[in-house]
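Trainee: Sequence:
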Amino acid sequence: MCFDCSAKNPSWASVTYDLLRISVAHYSGYTGIDAVHVVWSEPEEPTKELRGSILNCSGGSRVRFVINAEDSLNNRFRTIQGLTTDAVFSVDDDLFVPCSTLRFAFAVWQSASSAMVGFVPRKHWLAYPLVT
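So for the sequence shown, UniProt numbering puts the first residue at 1; every next one is plus one.
Any given hint could turn out to be false.
Cβ pair distances, simulated, as ranges [unchecked claim]:
hint	residue 1	residue 2	range
1	Ala107	Arg51	28 to 36 angstroms
2	Glu44	Asp94	15 to 23 angstroms
3	Ala107	Arg76	22 to 30 angstroms
4	Phe77	Ala115	32 to 40 angstroms
Because the hints were derived from the structure by calculation, they are not lab data.
Note that beta-carbon positions come from the ideal geometry of N, C-alpha and C, so glycine has one too.
Could you build all of it, start to finish, from the sequences and the hints given here?
Mentor: Encoded structure:
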């Protein structure tokens with residue numbers, strides 16, 4: 001849970017699109033967000049119902065689907081046309097960054113805007129007992 005805005009941690013959602021809805025609701029409701037760009041890499045375009053559901057959960061920021069012709073994890077690195085800000089926060093829908101952490105990262109970036117600021121994308125644990 002985000003202790004700043006009380007958004008639920010998306011890892012508790014059971015369906016992929018629930019993760020997307022929760023993520024869009026959380027990040028679009030954050031003060032200072034210009035827009036949320038959903039990089040869509042599914043074989044089928046999002047349905048009108050899904051688009052409507054995502055737009056209805058947005059917290060005031062613009063939400064835009066960036067449709068890709070091919071299904072590739074590399075789509076997240078493609079240029080997004082129509083960006084109007086210098087700062088871009090990129091995150092998967094199953095990762096959750098609390099508002100205060102995002103605010104801190106943005107402040108760090110503002111102090112050195114030619115540098116990249118980011119987060120560890122995944123957590124890793126050793127399995128016990130260790131297999132040898």
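Trainee: The structure should be examined with respect to each hint, and the outcome stated for every one.
Mentor: Hints and how they fare:
1. Ala107 - Arg51: 28 to 36 angstroms: Since the Cβ atoms of Ala107 and Arg51 sit about 33 angstroms apart, the hinted range of 28 to 36 angstroms holds.
2. Glu44 - Asp94: 15 to 23 angstroms: For Asp94 against Glu44, whose Cβ atoms are near 20 angstroms apart, the range 15 to 23 angstroms holds.
3. Ala107 - Arg76: 22 to 30 angstroms: holds (24 angstroms)
4. Phe77 - Ala115: 32 to 40 angstroms: violated (18 angstroms)
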